[in-house]
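Peer 1: Chains as they are written, first to last, in my numbering: chain Y, 1 to 679; chain B, 680 to 1358; chain X, 1359 to 1442; chain S, 1443 to 1526.
Hints in this document: simulated from the structure, not taken from any laboratory.
Watch out, some of these pointers could steer you wrong.
Said to hold, decoys possible - Not everything, but these chain S residues come out facing chain B in the computed CB check (under 8 Å):
| hint | residue |
| --- | --- |
| 1 | Gln1445 |
| 2 | Ala1455 |
| 3 | Cys1489 |
| 4 | Gln1497 |
| 5 | Val1506 |
| 6 | Glu1509 |
| 7 | Tyr1511 |
| 8 | Phe1514 |
| 9 | Gly1515 |
| 10 | Asn1517 |
Claimed, not checked - Taking lysine-lysine pairs in the DSS-like style, the calculated list, with each CA pair at most 27 Å apart, reads:
| hint | chain 1 | residue 1 | chain 2 | residue 2 |
| --- | --- | --- | --- | --- |
| 11 | Y | Lys519 | Y | Lys539 |
| 12 | B | Lys1321 | B | Lys1225 |
| 13 | X | Lys1379 | B | Lys992 |
| 14 | Y | Lys272 | X | Lys1414 |
Unchecked claim - Chain S is faced by these chain B residues, among others (derived, beta-carbon under 10 Å):
| hint | residue |
| --- | --- |
| 15 | Leu700 |
| 16 | Ile940 |
| 17 | Leu975 |
| 18 | Arg1160 |
| 19 | Leu1161 |
| 20 | Trp1165 |
| 21 | Lys1225 |
These numbers were taken from a predicted model, which means no experiment stands behind them.
Note that CB positions come from ideal geometry on N, CA and C, so glycine has one too.
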Amino acid sequence: MSYVTQGSIPEVLEKYANQSLEERTNCLPAIQDLGPPDLVQLVKLNHHSHKEISTFFYITGTNVTSSSSVAAVLNSFAMIISESPQLWFGKHKPWRVIQATFCSYNVFSKTDAVVTVHIPGSAESHMVSSTGEKIKETEQLWLETFISSMIRSIITADDDDAEFASIVELRKVNPLLNDESVTLFLEGFEALFWDGQKTGCHANLQLPTLLENYLVDTFFKVLQLTRRFDQGVEIVNRLIEQDESCRVLLAKVYMLSNQEIKAMDIICQGIKINPRDAALLTLQAEICMGKSRHDLAIHAATRAVESSPSEFKCWATLAKIYINVGNFEEALLTLNSCPMVTHKDRYHLKRVFNPLKQDLHLPLPVDVTIDEVTTLNPADVTQEHKTVDASLLNLPAASLKSTFAEAYGLLTEIVHKIGWEELLRYRAKVFVMEHEYKKEKSHSATSSTTLANDATIKAINCGNGQQNGNAVNDDDFRAKRLCERWLDNLFMLLYEDLRVYTMYRAEHMHLTAQQMEFKKTTLEWELIGMVSWRLKHFKEASEAFKYALGLRFSVKACKKLIEFYLNERSRMNQPETSIALNNLNQSTLSIQEILKYRSFLDINLISNLVKLGVWNHRWYAEFSPKLIESLAVVVENGGLIKVENEVKATYFDSQDGVYDLMNEVFKFMKHYDYPGTDN
Amino acid sequence: MSYVTQGSIPEVLEKYANQSLEERTNCLPAIQDLGPPDLVQLVKLNHHSHKEISTFFYITGTNVTSSSSVAAVLNSFAMIISESPQLWFGKHKPWRVIQATFCSYNVFSKTDAVVTVHIPGSAESHMVSSTGEKIKETEQLWLETFISSMIRSIITADDDDAEFASIVELRKVNPLLNDESVTLFLEGFEALFWDGQKTGCHANLQLPTLLENYLVDTFFKVLQLTRRFDQGVEIVNRLIEQDESCRVLLAKVYMLSNQEIKAMDIICQGIKINPRDAALLTLQAEICMGKSRHDLAIHAATRAVESSPSEFKCWATLAKIYINVGNFEEALLTLNSCPMVTHKDRYHLKRVFNPLKQDLHLPLPVDVTIDEVTTLNPADVTQEHKTVDASLLNLPAASLKSTFAEAYGLLTEIVHKIGWEELLRYRAKVFVMEHEYKKEKSHSATSSTTLANDATIKAINCGNGQQNGNAVNDDDFRAKRLCERWLDNLFMLLYEDLRVYTMYRAEHMHLTAQQMEFKKTTLEWELIGMVSWRLKHFKEASEAFKYALGLRFSVKACKKLIEFYLNERSRMNQPETSIALNNLNQSTLSIQEILKYRSFLDINLISNLVKLGVWNHRWYAEFSPKLIESLAVVVENGGLIKVENEVKATYFDSQDGVYDLMNEVFKFMKHYDYPGTDN
Amino acid sequence: MVQVSLTVGKLDASLALLLTKDHHLIEFPTILLPDGITAGSIVRITCDRNLEEEQKEKEQFEQVQEEIYDLFGKNTPQAPVLRV
Amino acid sequence: MVQVSLTVGKLDASLALLLTKDHHLIEFPTILLPDGITAGSIVRITCDRNLEEEQKEKEQFEQVQEEIYDLFGKNTPQAPVLRV
């Protein structure tokens, strides 16, 4: 959305003049990551009462290319607030913005850029170091500031983890609305590439590297959203000239643009030059896996692990391949060797200080509304939290992070394929069990490893329970491994998830058979959906999310349903001529049935994406790469005209602004020539 | 001292009634060690003004054997305060103590014993758990409380580290003044021995064990002070019947009572039974070392290390032997393998809360005084701290703790023997140096080890500086070790100590040659003494301490001088017929010179011990095992009558109470039949 | 080739503390110790480079790489994609 | 006796990461690796118990113990202590 209304600007009232700016300055020395989001501070004069107040809010996606471009943004905010009386804590106030300030953190040089406009009057700008000293503004520093701001905007755009306890006084703007910004970003990426480590990296990595960091992640995301792949290839080719190891970036650009053969060509070239390039080997393994050549994938992945044994990604890929080929023993052994990242938190946008609730001005944007989405009462959600079944709410697997969450995903994949009983059998086969160990009295396990617990994990359904592990021959002892403590813990979490899921399914079957009503809240359905999802019961999860949405809107359920429909959509595009209705059911669909199912998926995708867009808009977020990419899938398959008509048919006449909102996305896709936008 | 005056009871005014008791209760759940010192709380009524106040102080050494014995102690405190108007914040107040409460923490059961007497009236007592619940009093719990209190008293009696920032509102009483208490302690030790681990252990040990913990330490100290060795032997023999590993305790009792042959007999027996008993092997090594049979000592110590490779003591003993025989390469390698204890703090007595300075009532005991000691002005000491040479004050080696301090001691022993240049040469020979390492680019050192630093440590005197380590053959690389990071750090600290010491000696020589005056404060002399002491220049250290005491009294200098004289005294008792004047000077002393020197040492020991006693008394501490043991050395060698006469000659006539104070120590020694008390 | 004689000082399920004659304390994976070892045992550890195996591995690796390239890295006729 | 073939995955000054064929990741002291080893090398590690050496050690230890006992553990005439 390129237009802004008073209703789409959240504000926080400052307790004293310049509070937010002072608190920001106090934060600067301690910043260890990408820094706080950009800040807008406004000084507002009531020209009737002559009272002066100051407010602030956070923003991402502004193109912080120079002081004059920032001044223009500040002027436009000032105009919107000043142009008509603002609804301010229940009353209309004739505010006039007389001064506005913008701050943006530069992660490369650890400086803060500050632009202030006086209205009427001139703009001034300066930069400060993290210790508060004034620094001379240079073009280089402005470029770094722009790139830093772009990274923050792109990296945090669809931050699901931050849903609760997140900043509400934040506007998210699409930073890719004009070609100049994109061009400037790509130029800046190339110039600052060698400093990319300073931007940090995803929580799955121990440390940022030249080839894996937030700057590189942002580069790929920008290419994907703007489809400027050719330009990306040119840039990366220039980087390769300076450093051969950059070849992996080229392969990744080709992968993004669906040029798999070119990608593999580059990968093979690179591996010839450095047969221990773990990144290329892992990528190669993933492609082979996608082509169902697991034999070749194992070779590549094993060499990757041997080349970079302290990197989680290499091990996880190898484990994944073993799971795919059904070699669960090796899968568990490989999982057990995964080097976990224990100390890192994911980057989130953080406040510079916590405002009081009563100082928050959070207007309701009235230009775009869908009643059930826009007017969702937070009190109802809070009430559900109070009455929710505690066993559902506190499932510890739900809060797993980074490498632990990924390892858990691999474990649930195994259990989904073979069941809990079989998993326990494999576990007892490869790991030293407690009861075996007690015979070896002189030993004691070291702190990072442990003995697989005999007692605490039992069969989920007591009836099915058979004694596990007792059949193991004593002579096998030395051949077995000690289980890493974290992995042993994941088995415990898996047990708890399975217990809750099994109980829920039993209840579901019972109620369905008796044709009785479910008495669950949206939150409970959401949680049931999430545990089903973790256990890879996607169909069951999608049903739960649908129940959840049947009672009230839930952004979590909405996003998960979109993910489900997209997965189903891509399954329907598989080159195999036979597509089963779901993974478990072996009967295949006819072409007619496939067509009908696709159409069902498209309609549901569109309706959920529209709701997601309206929800984002209500919370001042006009930028969601996920929404754009998801809609692009539907457009690519069905053509833009069909999608536009679908949205129009439902929303155009109702004057609720929904079509206008979605039209901004359509325009964005047309501008960047997304496939399917030409018909 | 068995008598107490108003002047020897410090008090803290409570802000509100029972403040100290409430704060104590708050502390209980968090106690992880031997707990806070025993507490006495008094409720005092001014029978003229009818004003009521309450006060408290800490105490160690009370025999907390039962509620009635504690009640008697409380009554006697009440009587002393009530018997005449008390000088209270500048005015004489006719206080009457109407209630008194005593608390003592039981580390075995984690309970607090509380006894309250009402005056006039009855006594009542109860016990509470760490969560504040009332617990039934039992004989067992009272025994545990008594033993806990005894451990705290003995372990903390001569706590040098706590000199600054320590509790001043604390009375230290000798807990061994009557035979019944000693008997009860020995019985209690035997009964609670198997729970000894609960009492914690010295900071040099990773974890308390059955054979090494504070209970066992206290047992040995009590035996030593009361000379009840025969009873100790009986008790330990009964323990051995239950657990063979207790044999090491028997050997230690024999060592304490100077029965080295019996000790060795037990040690050899024990090693035959368990040839991997590291404690016995280490003790054996120490004895062999004392007998200058380093060849045998190395055998025993090596086996000890092989038997318990994660124990610091074993490694340190082996390193010490290598130093003694001049095998500095092996000494450094052994030192480098020492497993350090990083996480532990030494046990200190801690307040239950920090009182305000103006609420402290710290009377001056006027019954025993030596002017320079008793009336030392704390403001003068504070002033010295403000003007002190910072390079002296902040020498980091001064704050080394536990195993790091011990390892540093071994390193300074090497440097004392061979000098810095040679030490650097050995270091370059056994450890991988930075410049060697840079050739091996593919490698990187792990976090706990490091490359010996080439640049930062240079020769102390630049003139003498020769390039170290460059002569090393590249082929040696793999034969060398990586230096542990902590050891590399000790080299840095040693360099700083040596630099300061060398500067001071150069200044000293210059001033002495020019017959100029030293312009240093006592604190500066103290610090010069300490750095000299750390570097094993004891003679130079003693001179500095004498300079320090020449300007004003300093308890630190006084204690260190006592230590120095004791070491010299024991050197004069060596069986060798030839005793050198000091370690460096090779000319030997005649018998006449030895006799003269001994007499000099005795007189100086007595005079410093008297001052230490008076200082302790001024700060309400009537119990110092160090004072008793040091005086016992003089008495053993010269006879009690001579020592008594010496004290009498100087102090008897002056009515300053000094002779009475020392006479308490003489009476203690006579009571327990210390050698030399019979003549 | 490296060959050393070491004394087992301490032994737990995953790590053993071994000692050289010149007092080097080495953490060694228990899994590589033979059966029946206890604290106090003396072990001989030999470590040498296996160049033959390295060569074999290298050849196998190159062969697999060639196969992957031929299969997925060259522009060969594509399988038809289902478009309805 | 244990004999295994391992691939060197990573190598630093004190620790190497070795990998078995079945994906066991083992931390191994670099000091025990032969010269010239780099990441990617394959090594063969042999570990066996040295009973002969153990016996020799045991005998030597017992002999030293006997000597210590004879010297310092039995009541023999004492060297005179200097008392003046």
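Peer 1: Look at each hint and say if it fits the structure.
Peer 2: Consistency of the hints with the structure:
1. Gln1445: Violated, about 23 Å.
2. Ala1455: Holds, because the Cβ-Cβ distance from Ala1455 of chain S to chain B comes to roughly 4 Å (cut-off 8 Å).
3. Cys1489: 18 Å, violated
4. Gln1497: Check failed: Cβ of Gln1497 of chain S comes no nearer than 13 Å to chain B, outside 8 Å.
5. Val1506: Nearest chain B Cβ about 4 Å off; hint holds.
6. Glu1509: 7 Å, holds
7. Tyr1511: 4 Å, holds
8. Phe1514: Cβ of Phe1514 of chain S sits 4 Å from chain B, so the hint holds.
9. Gly1515: 4 Å, holds
10. Asn1517: At about 6 Å, which falls below the 8 Å cut-off, the nearest Cβ of chain B leaves the hint on Asn1517 of chain S intact, so it holds.
11. Y:Lys519 with Y:Lys539: 21 Å, holds
12. B:Lys1321 with B:Lys1225: Holds, because 25 Å separates the two Cα atoms, which is no more than 27 Å.
13. X:Lys1379 with B:Lys992: Between Lys1379 of chain X and Lys992 of chain B the Cα gap is close to 19 Å, so the pair holds against 27 Å.
14. Y:Lys272 with X:Lys1414: Holds, at roughly 17 Å.
15. Leu700: 54 Å, violated
16. Ile940: 6 Å, holds
17. Leu975: 5 Å, holds
18. Arg1160: 8 Å, holds
19. Leu1161: This interface hint holds because 5 Å falls under the 10 Å limit.
20. Trp1165: 15 Å, violated
21. Lys1225: 26 Å, violated
Consistency with the previously given hints fails for numbers 1, 3, 4, 15, 20 and 21, ordered from lowest to highest.
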